[in-house]
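Participant: Here is what each chain is made of, one letter per residue.
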Amino acid sequence: MKIRIRILSVLAPLIALFTAVLICSAILNFIDRDPVETFRSMFEYGTSGKSIVSIINRSVPLYISAVAVAVGFKMGLFNIGVEGQYLLGALLAAAFGSYFALPPAIHILFILFVASLSSGLWAGIAGYLKVKKGIHEVISTIMLNYIGTGIIAYLLAQVFFEKDENDSLKVPQTNYLPESGQIPPLNNLLGIEDLPNLHGFLIGAIFIGIFYYWLIWKTSLGYDLRATGSNPIAAKFSGADPAKMVILAMLISGAIAGMVGMSGLTGYYHRYTIDFTSGLGFVGIGVALLGRNHPIGMALGAILISFLERSSQILDLKDVPKEIERIMQGIIILFVVIGYEIVRRYVLTSQIKEASKEVLNE
Amino acid sequence: MNKLFSFIKKRYLIIVPILLLIFVAQIERYSELTSSGTFGAALRLSIPICLAGVGAIYSERCGIVNIGLEGMMVIGTWFGAWAGWFYGPWYGVLAGLLGGALFGLIHAVGTITFQVDHIVSGVAINILAAGVARFLSVVAYADVPAGGATQSPRVDERIEKISIPYLSGGKINESDTADVFGSLEALDLFLISDLFGLLGGLTRNISYFSILAVLLVPVSVWILWSTSFGLQLRSVGEYPVGSESVGVNVYLMKYIGVTISGAFAGLAGAYLVIESAGIYREGQTGGRGFIGLAAMIFGNWKPLGTFLGSSLFGYADSLQLRSEESVHGLLIIIVCVLFIVGIRSFIKKNLRTAIVSFIFSGLFLFWFLNSSTIPNEFVFFTPHITTLIVLSFASQRLRMPKFIGKAYKKGELN
Amino acid sequence: MSFALKVINISKSFPGVLANDKINIEIPSGTIHAIVGENGAGKSTLMKIIYGMISPDSGKILVSEKEKKFSSPKDAIKAGIGMVHQHFMLADNLTVLENVILGIENATLRNINKKKFKNEILEISDKYGMPLNPNTTIDELGVGEKQRVEIIKVLYRGAKILILDEPTAVLVPQEVNELFENLNNLKNQGVTIIFISHKLDEVIEIADGISVMRGGKHVGTVDAKTVSKSELAEMMIGKSLPKIPKRTSLPTNEICLEVSSLSGEKLDSKEPFKDINFILSKGEILGIAGVEGNGQRELTESILGIYPLSQGTITVDGINIDNMATRQRRSLGINFIPEDRQTQGLVMDNSLIENAMLGRQNKDMYKTRFKSVNFKNSRKFSNKIIDQYDVRTPNSSTLALALSGGNQQKFVVGRELEDNPSLLVASQPTRGIDIGAQSLIWEELREARDAGLGVLLISADLEELLGLSDRLLVMYEGKIVKELLPEDATPELLGAYMTGLK
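Residue numbers (this note's numbering), protein chains in the order written: chain W, 1 to 362; chain U, 1001 to 1414; chain E, 2001 to 2502.
Don't take each hint at face value.
[Said to hold, decoys possible] Computed cross-link-like contacts, DSS-like style, restricted to lysine-lysine with a CA-CA straight-line distance of at most 25 angstroms:
#, chain 1, residue 1, chain 2, residue 2
1, W, K236, U, K1406
2, U, K1402, W, K236
3, W, K132, U, K1402
4, W, K218, E, K2380
5, W, K132, U, K1348
6, W, K236, E, K2363
7, W, K133, U, K1161
8, U, K1302, E, K2114
9, W, K218, E, K2376
10, W, K236, E, K2270
11, U, K1171, W, K132
12, U, K1402, W, K133
13, E, K2006, U, K1348
14, E, K2114, W, K132
15, W, K236, E, K2114
16, U, K1302, E, K2006
17, E, K2006, E, K2187
18, E, K2006, U, K1402
Quick caveat, the hints were computed from the structure, so don't treat them as lab data.
Let the sequences and hints guide you as you build the complete structure.
Facilitator: Next up, the structure:
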C-alpha cells in the first residue's frame, strides 16, 4: 500500500511533465518550430557539465524558498511573501555583514543570523495581523512584499549605499563583504576544478532540508503544526494553541526564507545590489507545490525547474522563443496540482476499502 | 438635528480625516490633495482595482476564493494591448475580457471539478498566466520594432473621452462650453474649491470605457440582488446544501460566478493598458488584483463598498504618482487620526492600544516636522500599506460568505 | 376520521442496525401528532423516509389515502409534505424573502418581482398568525423567528403536512410558547403537524396524539389528553432496566474532580449549562444521564478548557485549573474521550502511531535527545492499544481515516485509558461500537475505576450509564435536576427527569 502511494506520488508529476511536453509541442508546431529538435537541444545543453553546475547553483535558493513556503503549507498557511522576506534579509545581512570583519566561521553565521532574524520578523508581521486582525495571510504577505520592496530601495539608496571614490556619489549597493564573509566554492573539494564555481551554500541547503524534515516530522512542535494544519479542532482539543501555532509557523517560514538569498550573497555577489536575484520567492511556491512539501520531492522539483530554465537558454541560438519553458513551468504546476488531488482521493478510497476488509474479516 | 448628530457620531473615523484633508489642502504645497487633476487620476487608477474587486465578488459570493485574479488581470493586459494595437481599442477591451474569462474558467475547472484547494489553484494560475504572457509577447512581437518580450507596442488609438457640457467643459457640436466646475475650483475658496475639484475631476475627460466600468458597479448590484440568478449565486456561497435541496444547480452557479470574475479581472487589465499606460508592460498589474481583493473585503463583499474601497486605494495611488509633496501632507492627517484613536481607546479603558496609538502619533508628528517630503520609495507603496491599515480596522464588521473556500460535493444533503 | 398520513409496515435497516422495524402509524388530519423516543429509537430515520431523503426497504406511505413513492424530497414537497429541520436550512446572509423564494424561479436575469412575493408571504404569515418582516436578514432574527421562516418556507410551497424535528431544542421557554401558539393556529387552519421530540412535558401540552418509538419499533400510540406521564415515560424507556453488576471496590475519599457554580458562556443567548455543582471521587464513575443537547457536551468541553465559562471554578486533584490552558490540563492527567472522534479525537490524515501521541507528545515517554519525538515508544503504545482493544487495522501505520468508525472509537478509548490518567471524561464512549467491543471497553473502564481512576461518564445509552455508574446525575436544559443511585433508578423516575416531566 505504501509502495503504491509512493509510485503514484511520483507518477503524478511525471504525467504532468508529459502533458506539458505535449501541449508545448502543439504550441511549437503552431508557430512553425520543430518540437523534437527543440526538446533534444534543450536536453543536450542541459546535461552538459557546465550546465549541471549552473543547475545545482540555481536549485539551491529555489529549494530553500520552497522549504520556507512548505513550512507554511504544513500549517495550512500560504506564505506568498517569501520574495519580500528573503530580499530584505539579504540586504540587511549584506549591509551589516560588510560593516565589520569577524573570524570566518563566525562571520558567516552572523550574516545568516541577521538574514533569518529580519526576514522571520517580517513574516511574523503577517502572522500577527492574521491572529489579531483576521487579515488573511495571502493578502498581507503580498502587500508586505511591495512594502518591503519600497523599504529595500530606500535603504539601498539612502542608508546602506556605497560611497564611490570621490566620496560624493551614492551608489545603491552595499559594501563588499570581507573575505571572512564569503563562502568558497566546492570545486576543489569535489575535484571539478575545470567547471564553473559550485556555490558553497549548497551545504547550507542540505542542512536546511534536514532541519525541515526534523522539525516537521520529528519534533513535538512540528507535530502540533501539522495537526493544526490538518484538523484544527482536534489540535485544539489536544491542547495546541492555534494563535501560537500561526505566529510560530510564520516566524519559522520567514526565517528559512531569509536563507534563500544567502547562496548568492556568500558565494557569488558578495554584496547586495539592485541586480540581486529576484523572483525566487514566487518560483519557490511552484517548487513547493511540485514537491508536495516533501523534503526530497521539493529538491527534485527545484532541480527540474532549474533544468528547464537552464536548458531553454540554448533555444535563443535555435530561433525558438525560449519563453516556452515558462509555459511549461506553468502547465506542469497546474497539472501537478490537479494530479496530486486525484491521487490523494484515489489513495483515500483504496485505504478505506482495505481497512473495511479487515473489519469484515472478524 | 439629533439624527444628524448620531450619524456623525457613528462615522467620525471617516468624517474627521476627510475634514482634515480639506484643511490640510488649503496649504499651498499640499493643494494637490483636493485638485481635480488628482481626483481624475484617482478615478482612473481606482477603476482597475474596482473591476477586479467587483469581479471577485461574483466568485467569492458563490464560495470560491479567487487568488488568481492577478494572473487573470495580466492576461487582460496582454490581450488588451495586443488586440488594441492590432485591431483597435474596443477590440482590446473585448479581448481582455475574453482572455480573463478563459483563465477564470480554468480556475473553475480546477477548484470545482477537481476540488483543488482554491488558493493553490489561484497561485498556479498566476504562475501560468505570467508564463503565457511572457511567451506570447515573444511570439507576437518578434518582428515588431516597438515590442519585445516584456512589452507591447503602443496602442495608438484611444477611446473617446467626454466631459459634461457647461459643468466641466464638455463639447456641444464640436465647440467648447464653459467649465463651471473648473472655474469654481480655480477660485481657491475654502471647501468650495475642494468640492468642485472633486466634482470636476470625476466628470472631466472621462472615457467611455471608464463610464462603462463604473456602470458595472450598479449593474452588479442589480444582478446580484434583484435577479433570481443573483439570488441563486449568493445562496450557493452561503448554504449550498440548503440551496441544492430546493433545486439550485450548485455546480453551474459556481462555474458561472468564477468565469465572470475572470472576465472582470481581464477587463481590469485591459483598462490598465488602454486607459492608463497605453502599452502592455510586464509586471504592470503591480498587485492590483490583490488590492482588488482587499477592496472587496473592505466593501464587505458588496459592489458599492468595493467601489469606495478601491477609490481609497486609487486616491493613494494618484497622490504617489502625481504629487509626492502632497503625500507628505497626509502625515499630519495620520497624526490626528492616531491621536483620536488613542483618546477613544483611553476612554474605553483600553490602555495598551491608547499608549501605542499616542506613541505612533508622536512618531509620525516628529517625522512630519522634520522632513519636507516622504522619500519616493515609500510613496510607492502608499496603496499597499493603506490596504493593510484599512483591513486592520475593518475586520470587525465584516461578513464573508459562509461557505467559502470549502469543497462541495453534490448530494451532501444526507 | 380522515388520515393525512399513514405509514404501513415501514422497515429500514443499515449495516448492523435495524433502524425501523415494521412501523405502523396513522396520523389523523388536522391534528398535532407527536412521535417520541430516545436517540437511536429510529425517529429520524422514519422522518427521512417520510420526507423522501431515504427509501424504505419495505412498506408503504399513504398520503390522504393515496400511496406515494418518494425518490427525493422534491417528491415529498409535491405531495404536500414539508420538513422543518432541527438545524435550520437557512442562508444567514440572505433575507427572509430570499430564503423563502429560493429555487421557486429558474435562474434568469429577469427582475425578481419582490412586491408580489412579499405580498404572498405576508398573506401566509397573516393567515397562520406568524408575523414576519420579509426584508430582514436571517442572522438578525432570533432563533424562534428563524424557525418561523422555516415554517413559512414550507407552507409557501403548499405543504399541508408539516414535520418538525426537535423544534424546541433551541428555543427558550418564551419562544416555545409562541411556537405552540403558531402550531395551534396552523392546526385550526387544517394543517397536519408531526412533532418529533424527546421532551415529554412539552409533547403532552401540545399534541393530540403521541406515538412512542423504542429500539426501532413502534411501541404504541396514545391520546395525549388521557395518558399519564408515568405511562409515557415507561413506554419510552422500557419496562425493565438492565441488571447492575455488583462492584467489588469502593470509591475512595479523595476528591478527583470538584466543580462549583459552573455556568457556561451564552451561545445564541442561551447558557448551555447553568450553576453546575458536583464532586467526583477517585475510584468512582459518575454518570450524567440526559438526552443529548441538554448541555452535557459543553460541560465536558469546559472541563477540558475549550468551552468558556462565565462563572464557577474547577478543581482537579486539589489544583484549581481555571486558568490553565488545555495542554496544561492534559499534562495534569485529564484525559478525554470525545463525542465526535473524527473531528475532536483524531487527526484523520495521520497514522495511528501519530494519533497515539495526540495531545500528549510532551510527556516524558515521548522525549528523546535533540527534542525529537520518540516514535518507537509511540508505536509500542499504539500496538498495545490495538492488541488490547481489538482494533481492526492492517497495522499501526495505517491512516486513521481508513479505519471504520467503530475501530476509530476503540483506538481513541484505548489511548485515553491506557496512559495513566488521573481523571477521565468520557463522552459517549461506546458510540458506534459492536456489542463485543462494548463489553470489552466497559470491563476496561471498570478496572480503571477499581484501580482508583475517577471517571465522568456522559452517555445516552441507559444500559451503559446504569451498568457503569456508581452515582447518577440527570441533566435537563443545562441544569442538574436530580442525583440518584443506579439501584434506585426506575424507568419512570429516570425518564421523568430526563424529559422534564418532573
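Participant: All the hints need checking, so say for each whether the structure fits it.
Facilitator: Outcome of the hint check:
The suggested pairing of K236 (chain W) with K1406 (chain U) holds, with an alpha-carbon distance near 20 angstroms, which does not exceed 25 angstroms. Taking the CA atoms of K1402 (chain U) and K236 (chain W), the gap is about 22 angstroms. The hint holds against a cut of 25 angstroms. Pair hint K132 (chain W) plus K1402 (chain U) holds up; C-alpha atoms about 21 angstroms apart against a cutoff of 25 angstroms. Between K218 (chain W) and K2380 (chain E), the direct Cα distance comes to roughly 17 angstroms. Compliance with the 25 angstroms bound is thereby established for this hinted pair.
Between K132 (chain W) and K1348 (chain U), the direct Cα distance comes to roughly 18 angstroms. Compliance with the 25 angstroms bound is thereby established for this hinted pair. Our distance criterion of 25 angstroms between C-alpha atoms is met by K236 (chain W) and K2363 (chain E), whose separation comes to about 17 angstroms. The suggested pairing of K133 (chain W) with K1161 (chain U) is violated, with an alpha-carbon distance near 42 angstroms, which exceeds 25 angstroms. Straight-line distance between C-alpha atoms of K1302 (chain U) and K2114 (chain E) comes to about 20 angstroms, which keeps the hinted pair within the 25 angstroms bound.
Using a Cα cut-off of 25 angstroms, the hinted pair K218 (chain W) and K2376 (chain E) holds, with the two alpha carbons roughly 12 angstroms apart. For the hint pairing K236 (chain W) with K2270 (chain E), the CA-to-CA distance comes to about 24 angstroms; that is within 25 angstroms, so the pair holds. Proposed proximity of K1171 (chain U) and K132 (chain W) is contradicted: the alpha carbons are some 53 angstroms apart, above 25 angstroms. This hinted pair checks out: K1402 (chain U) and K133 (chain W) have alpha carbons roughly 19 angstroms apart, not beyond 25 angstroms.
With a C-alpha separation of about 63 angstroms, the suggested pairing of K2006 (chain E) with K1348 (chain U) is violated against the 25 angstroms cut-off. Under the criterion of a C-alpha separation no larger than 25 angstroms, the hint pairing K2114 (chain E) with K132 (chain W) is inconsistent with the structure, at around 41 angstroms. Distance check on the hinted pair: K236 (chain W) and K2114 (chain E) sit about 45 angstroms apart at the alpha-carbon level, beyond 25 angstroms; violated. Our distance criterion of 25 angstroms between C-alpha atoms is broken by K1302 (chain U) and K2006 (chain E), whose separation comes to about 49 angstroms.
For the suggested pair K2006 (chain E) and K2187 (chain E), the alpha carbons sit about 18 angstroms apart, so the restraint of at most 25 angstroms is met. For the hint linking K2006 (chain E) to K1402 (chain U), the alpha-carbon distance of about 39 angstroms lies beyond 25 angstroms, and the restraint is violated.
In summary, the structure is inconsistent with hints 7, 11, 13, 14, 15, 16, 18 from the numbered list given earlier, while agreeing with the others.
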